[in-house]
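There are 2 protein chains.
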Amino acid sequence: MKDEGLVRRHSGDFHWEDVDVLAYKQEGSAPFKDVTRQVLFEGTGGVPAQLRYFEVAPGGHTTLERHEHVHAVMVIRGHGQCLVGDKAWDIAMHDLVRVPPMTWHQFRAASDDVLGFLCMVPSERDRPQLPAEGEIAAISRPLQK
Amino acid sequence: MKDEGLVRRHSGDFHWEDVDVLAYKQEGSAPFKDVTRQVLFEGTGGVPAQLRYFEVAPGGHTTLERHEHVHAVMVIRGHGQCLVGDKAWDIAMHDLVRVPPMTWHQFRAASDDVLGFLCMVPSERDRPQLPAEGEIAAISRPLQK
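Protein chains in written order, with the numbering used here: chain A, -15 to 129; chain B, -15 to 129.
A few of these clues could be false.
Said to hold, decoys possible - Computed footprint of chain A on chain B, listed as stretches where at least three residues anywhere in the stretch have a Cβ under 8 Å from a Cβ of chain A: (1) -6 to 0; (2) 4 to 17; (3) 31 to 40; (4) 60 to 71; (5) 96 to 103; (6) 114 to 128.
Please keep in mind that the hints were generated in silico from the structure rather than gathered at the bench.
Since we're looking at a predicted model, the values are computed, not measured.
Just so you know, even glycine gets a beta-carbon here, dropped at the ideal spot from N, CA and C.
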């Protein structure tokens, strides 16, 4: 990210002045599909948390993962589904999602719509854990219903 | 706030399931006009920050104040103006505002529209300072232009 100005304008298309559109993760580091990441507030200089905007393209999904740190999420574009623990929910504009510590989670866009959401995390946080290959089907089963 | 569920739905009118609409501040504690406050994420259980939603009615404004802690703001409804330090900006949907430490700031709704914004703050934070009566006109002058 470039220098954080006091006011940074929204371009009208979920891009912001002086905010770079980043790869969600390093390619090949974990399974995901069609996700971008933008860091809106770095979580430096007095705020111990980061605010990021993730956008999942139609049919795409974030990595199925878990970690000690908590996610506080608000949908601000489109709709889709989320898995949190052993349950899945349909989520849409301005819905709130809390992902507790060490809880499997995944965000999926609808097949015909993007899913864009804000995600607040602690600036200092542990790295995500991935499920073993053989666990994936069982963990993500609620999303299939 | 009531118990934080994993998914809390937006009602379609900037109210959320299990989120109370609160007074912005205790009446008489500081000057403000027509502002409500909703705590979307409490900042407990692993996230060292709170996420709040403030809504300023048309013609209303938050308190002119400053403090050590930083505000990270995103407009999610309507439009208005903000003062940060010695400058004022017109702000609208999805614009980002960063309020640095000890910087005078105020948010004002347009005369004919609400101004609703998310505000991320550290869970542990200092209390706001108010300007002396004689300082207010000079500090808020950029908003008059």
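These are the hints, each one checked on the structure:
1. -6 to 0: It holds: at least three residues are needed, and the stretch -6 to 0 of chain B offers 3 whose Cβ sits within less than 8 Å of chain A.
2. 4 to 17: violated (count 0)
3. 31 to 40: holds (count 4)
4. 60 to 71: As far as the stretch 60 to 71 of chain B goes, the hint holds, because 5 residues have Cβ atoms under 8 Å from chain A.
5. 96 to 103: Since 1 is below three, the answer is violated.
6. 114 to 128: Check failed, 0 qualifying residues.
Checked against the numbered hints listed earlier, the structure breaks hints 2, 5 and 6; every other hint is satisfied.
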